[in-house]
Amino acid sequence: MNFWDLIAIQPMTNILIALSHYLSDNFGLAIIALTIIVNLCLLPLTLKQLRSSKAMQDLQPKIAELQKKYAKDKQKLAEEQMRLYKESGMSPAGCLIPMLIQLPIWIALYQSIIRLLAITPEDFLGLSKYLYPWPIVYSTLPVGSKFLWLNLAVPDQTFLLAVFVGGAMWVQQKMVMTSNADPKQQSQNQMMLWMMPIIFAMITLSVPSGLALFWMTSSVLRVIIQYFISGWGGLVSARATKQVSRDKRYKERIAQVEEAPLEGDVLSADIVEPSPAQKEGMSYGESGDKRQDRRGSYPTRLRTTRAQPRRSKGHRHKRR
Amino acid sequence: MWIRQNKLLLGKILLLLGIIFVVMSGLTAFGCVGRGTTPIGWSGVAIVDDALFLGSKGGKLVALDISTHNRLWPDISLETSKPSGGFGCAPSSATAAVIYGTPVVAGDLVYVGSYDGKVHAISSSTGVKRWVHPLEGNLKPIVGGLLVSQGKVYFGCSDGKVYALHADTGDPEWESPFQTGDKVWSTPAIDDDTLFVGSFDKKLYAIDAKDGRKRWEFEAEGAIASTPFIYNNTVYIGSFDKHLYAVNATDGSLKWRSRVEAGNWFWTSPIAYNDVIYAGCVDGKVYILDAESGHEVVSAIDLESPIYSSPVLVDNSIIIASEEGKIHSLNTDSNQIRQLASVEADTYAPLMASDGVVYIHTQNKEGLYALNAQTGVILWNLSLSSE
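Chains as they are written, first to last, in our numbering: chain Z, 120 to 439; chain A, 3 to 389.
Bound conformation, chain A alone:
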């Protein structure tokens, strides 16, 4: 009876529920889900002796025996707090402890920074956590890798600061962190006692590694996310402005800015070998420039797929991975490139080489591949997604 009397009201309620459903579906289909708002991570591989360490997609630190491919200890979750909810667009990502930076091994500890803003030091032999920084609360997301040198752990953070911690205790080493003008996603590099780091504020900073004071700064025309490469007292760095820069490591003066303009960002770290700079670009090309002048040695080589993964030098070859998972070998003598293999999975993580073997951590179909750098034969591969 009531239903018959209030047919119109019921209709309106149903209409309202329909609108809510459409709004929620719209948010899900058109803006949020499937657009990567859930962070995944792209940790590279660290190798010491027969042990291999990497951050898996689920935010776990994985330790493997290279010869047997067995776990050295159970995967360690770095999660310290539950991700928040929301309608799919909410930055639940802010608390997800996924790993973007490659773990670093020094002494008997593995150091790793997580996206939830924590730095962890874990025993490489037992997997037991030694310390975590900060103990209470979280920093902003850590996307770049860590640098461990002279008993200190250096890293940049999305809060725009560069931190230095005591490697044994995790206590802050500087009076206050070094403040830049925007997010720091670049992994720091060190030369003697000078730390070099790029920031989204378009600047490359040289910082005194002992006390965290600025020595100089150099401003590019675009943001800097790549890791600086130091070679012959020169800092080489790529920028979002589609140019490579060579900056004097002593005083921060510009040596050259690449005359050739790339088609997109320089995201990865360049490599220098025999006075030649090799830099992969998001436009899918590898730029080969003279280290002294910045002139093109040969025309850029097109891999036809963006390069997000930092290349690695093996003997006299540069091994480069494109986003679609094709692995190439660039001979530095002839500047000829050949495809070594294809892992057929998205590759964003930096490559790692040890004893003539290249290790590739793939992202969408998460796996770990060991590849012979000379022959391109895949020696073994391991699926990490089901672990």
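Extracted from the complex, chain Z is given alone in its bound form:
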């Protein structure tokens, strides 16, 4: 047995067996329980990682500004970015280090589950080398592979688990996703939001259900932890963000209309020259309720524009 097996795989394997014993010989519950225990043990690291990620996201507008400002001077950009990180008291590796520490533990858990599922007789025999001399370990083996509708040793044929794994991952991704004013960036985020859950859902169809159960439990736990860090995040702010961006676009359009040169006599005829006193109170580009000359309503041309059906694809795309 090598060092890795001794310090990581063997303890996890035996704990899983013991948990299975105490949870009515239910290996599915044992997987869920150990995933929860490992998550709790790693909670300080997870919190650190999530907080670092959040701090990094908060810095994004400033970083974007720097990128714009020093677009042609890469070295200066790097220096300024480092200075920004220093001033904010955070390190770019802040979210990587906890992740690197957690990774071996997740791999150990993953390997232990695979070993215990002992898909082939050779796997099963190999398991005998990993057992502690605890009586319950010997009386519990082989672990039962039935859990709910699942056979944990084979892929789920009903697609339900794949949907759950993909769904849990989507929710988790959506929560950490931040809104971005740049439509290109936004569409890329959307792609990431969908691609990862789809990939994992597809992999779920090919791996033993026990593993997929571990993935799903991990994702659900991450959702819960994320909720306590930043609330529902992207899940609930998506609607609010839509509203804000709609208002913003609308204001931009008003400004465009107001700034556009007037065409022909017909339009000129409509214009009533305001008095100097009225001019002072005018604020072009502000919303219509401040416009005394139109009695608080929107400009006529804008009303026409507003009433137009949203036909163009481009427009619909922007509103998303």
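In short, the hints are calculated from the structure, not lab data. It cannot be assumed that every hint is accurate.
What the hints assert, rightly or not - Quick list of simulated restraints, FRET-style, between CB atoms:
(1) Thr277(Z) with Gly183(A): 20 to 26 Å
(2) Met120(Z) with Gly129(A): 49 to 55 Å
(3) Lys265(Z) with Asp51(A): 45 to 51 Å
(4) Trp313(Z) with His168(A): 53 to 59 Å
(5) Gly183(A) with Phe347(Z): 23 to 29 Å
(6) Gly245(Z) with Asn235(A): 42 to 48 Å
(7) Phe122(Z) with Asp210(A): 32 to 38 Å
(8) Pro252(Z) with Thr377(A): 35 to 41 Å
Glycine included, every Cβ here is placed at the ideal spot set by N, Cα and C.
Based on these hints, arrange chain A on the given structure of chain Z.
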């Protein structure tokens, strides 16, 4: 131009492809490939007259002439369906027709069960398939060996059932298979008209061989995968709970449970000789117990390597193979052990002896060794991996 404009998008796509690659590599390196998810098989050897039969690593039935070492007929593949794909963790194993149980020869037929859940009857002289059960579809994996007795073929299956088939036709003999509570990887044993078989549900069952009805059951504290050994109206069996059991064959009452606790599972079948039980254990020791009382006759002998291969009795010596391929001879008179030879390959298959020669089928470097049981001289060996 487009590339320049969408540099960020391309970066993300590359990142995504990278993540997919890492996930797939992770599955391959850390969980699936190399962990034995591809079944290999550990069939023992069957010998009748000058013919030798075994299931090779690739799931083929091999027939050899012992004197010339030539094939009696071309190796027969038992594969009836293509293995499924997946990302390496998928149980493609479920359809792989590898052979774990030792073939059995009775009359002019060789019987063999395969991991894809089929039982095959093949002519021992021509290699032509006589029948296969079931004709359509598959049972769950068959890991234990078959038992042929009184015109019937008995075997246990991973679906938790024990089946009885007509030896000539392959038709079911019982009204319905005997149902246990978990997988049956144990090879059945028979005494008169009672069939004994262990199950992963921790029970040893005595079944009426004629109709498949239960006579009694005995519950151990751990799963049972080893083949029961019947001696003096007592069934001896090892369990995963690190103990050996002696059970009365008539009524299933416990005669004794070994007082000494082993360091690991009892996987192999014990052997009884001169009122002494010899049992190899996965902890690498051979336990020597009194057949009547279960007391240790002498302290366990440590071979320093797990024992997965069932031992064999040759004259008054027990021949035992350890996992690392060291072959030992235990003298039953003096209880002294000596190393006969080393084949330097993983050995899981049960040993077979005939005319003072021990046959060893090794797994990782697949080969067949013929060993003189007295001198330990390797008479001949044959590599099966390149065939």
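Here is what the structure says about each hint:
no.: 1; hint: Thr277(Z) with Gly183(A): 20 to 26 Å; in the structure: 25 Å, holds
no.: 2; hint: Met120(Z) with Gly129(A): 49 to 55 Å; in the structure: 43 Å, violated
no.: 3; hint: Lys265(Z) with Asp51(A): 45 to 51 Å; in the structure: 47 Å, holds
no.: 4; hint: Trp313(Z) with His168(A): 53 to 59 Å; in the structure: 57 Å, holds
no.: 5; hint: Gly183(A) with Phe347(Z): 23 to 29 Å; in the structure: 44 Å, violated
no.: 6; hint: Gly245(Z) with Asn235(A): 42 to 48 Å; in the structure: 37 Å, violated
no.: 7; hint: Phe122(Z) with Asp210(A): 32 to 38 Å; in the structure: 53 Å, violated
no.: 8; hint: Pro252(Z) with Thr377(A): 35 to 41 Å; in the structure: 39 Å, holds
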